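> Whole structure, please, built from the sequences with the hints as guidance.
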Amino acid sequence: KTFAPHCAQNPNVIVSVGGDGTLLNAVRKEWCRRLPFIGINTGHEGFLLNLDTAIRDNPSWFLQQSFTSVLMPMLHVEVTKPDGSGSRQSEIAFNDAWLQVERGKMGWFELEINGTVIQSGITGDGILVATPAGSTAYAYNAGTDPVPLEANTFVIAGLNIARKHNWRGEPVPDDAVITIRSADATRWRRVYGMADNTDFGEVTEMTVRKSRTASAEVLFAPGFRERRRRLLQGTSEKHVVAGRRHAGHMM
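Residue numbers (our numbering): 25 to 275.
Each hint can be trusted.
Here are the simulated lysine-lysine pairs, BS3-like style, with alpha carbons at most 30 angstroms apart:
no.	residue 1	residue 2
1	K188	K129
2	K234	K105
3	K105	K129
4	K105	K53
5	K53	K234
Since the hints were derived computationally from the structure, they do not count as laboratory data.
Note that the coordinates shown come from a computational prediction; the quantities given were computed from them, not determined experimentally.
What follows is the structure in structure tokens.
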């Protein structure tokens, strides 16, 4: 059942009921109100959410718990459009931002960190930058390891990168300035930019850094850390089983 948003006259907390995507949308819309967020899971895994059973069974008890507060950074994402004018667009992201080649082609990418080119001529589908909150989303599915929510770290993930590069991605300090650009000057391999669910369309370059203004305080009930650890352990085991099945089919 879907409920309409409800807003009290003077709220002191924003409650998101749904899945991780619902919390992401709430943060993107309401971060500037500088209120803490509580996520209640009624979706699937809920890597950023508290269990719905506690609030459903005894809501007053749940809201009186000693919550752990985590201030989560957001990304400032700026892209260059391919119109030749050097025009740029910017957006804020809570989870991740990435460049991805158009369907059916293999992209050529260059990765620069703090003004130094780290990887050049990478071939693959794309490159992604994730916050700690986003490290259990697209980046995790791309094969990188999640990081603790309090980590002062961003995760760079390669999307279906060719094996010859021997590179899947890497963690970087969250004060790094990360630039991803298309290495195909002909634009035959067109690349597209995304920041959370914002589609920039075709771009030639994306620069990502920690936002100086946007962040989100998220509250977690007792037991959340252990539940998140079990979730990550369970999904890792599923990935291993799926990989073995795939290898069996290939033999």
